[in-house]
Amino acid sequence: MNTINEVGILALSTRLQRLSEQLRKEGAMIYKAYGIDFEPKWFPVILTLCNHQNLSVVEIANEIGYTHPSTITLLKELEKQSLIQSSKDKTDERKRLLHLTTKGHALVERMKPVWKIMSQALEQIGDNEHNLLLAINQSEKQLTGQSFYQRTMAIKNNTEK
0 MNTINEVGIL ALSTRLQRLS EQLRKEGAMI YKAYGIDFEP KWFPVILTLC
50 NHQNLSVVEI ANEIGYTHPS TITLLKELEK QSLIQSSKDK TDERKRLLHL
100 TTKGHALVER MKPVWKIMSQ ALEQIGDNEH NLLLAINQSE KQLTGQSFYQ
150 RTMAIKNNTE K
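Numbering that gives the first Met the number 0 applies: residue 0 is where the sequence shown begins, and numbers increase by one.
Treat the hints as calculated values from the structure; they're not laboratory data.
Fair warning: this is a prediction, and the values are worked out from it, not measured in the lab.
Treat the hints loosely; a few may be bogus.
If you anchor each label on the Cβ, the simulated ranges turn out as follows [said to hold, decoys possible]:
hint : residue 1 : residue 2 : range
1    : L46       : R14       : 36 to 42 Å
2    : S146      : W114      : 30 to 36 Å
3    : R95       : P43       : 30 to 36 Å
4    : S55       : I116      : 29 to 35 Å
5    : N4        : V113      : 49 to 55 Å
6    : S55       : S81       : 17 to 23 Å
All residues carry an ideal CB built from backbone N, CA and C; glycine is no exception.
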């Protein structure tokens, strides 16, 4: 056991990041094994645009839960790869709407069978005594009610009384 594992809940963020990095790294290996040139970090945007065509940058950021700057960075990468493109909104000239290109749609079709297999493997990983996905859902719900920062400050204030 290492130091990070030994401190328990205090290292939650570190352990989630470690898990995320491993899944991303191996996800890239899986795509490569199938001959697909795809970065796992692009997944949330590609999936969102596959399910909801013609979204603005703000709408995409809200859908995937990323900050506006992080979303812009991903969108630029995907545009550079010709997987997405933008057009002006007909009702609001200032607004850019993004959608998958023909190349983007073709890539999604190639990835769908891979996603199915990856989902099965991830279900095996997450199907444990405490059900990882259910625990993540519950934790995210807890954070919408009161953030980590808010909870910490409330505890601090209560212990200082």
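How the hints compare with the structure:
{"no.": "1", "hint": "L46 / R14: 36 to 42 Å", "in the structure": "25 Å, violated"}
{"no.": "2", "hint": "S146 / W114: 30 to 36 Å", "in the structure": "32 Å, holds"}
{"no.": "3", "hint": "R95 / P43: 30 to 36 Å", "in the structure": "18 Å, violated"}
{"no.": "4", "hint": "S55 / I116: 29 to 35 Å", "in the structure": "33 Å, holds"}
{"no.": "5", "hint": "N4 / V113: 49 to 55 Å", "in the structure": "32 Å, violated"}
{"no.": "6", "hint": "S55 / S81: 17 to 23 Å", "in the structure": "20 Å, holds"}
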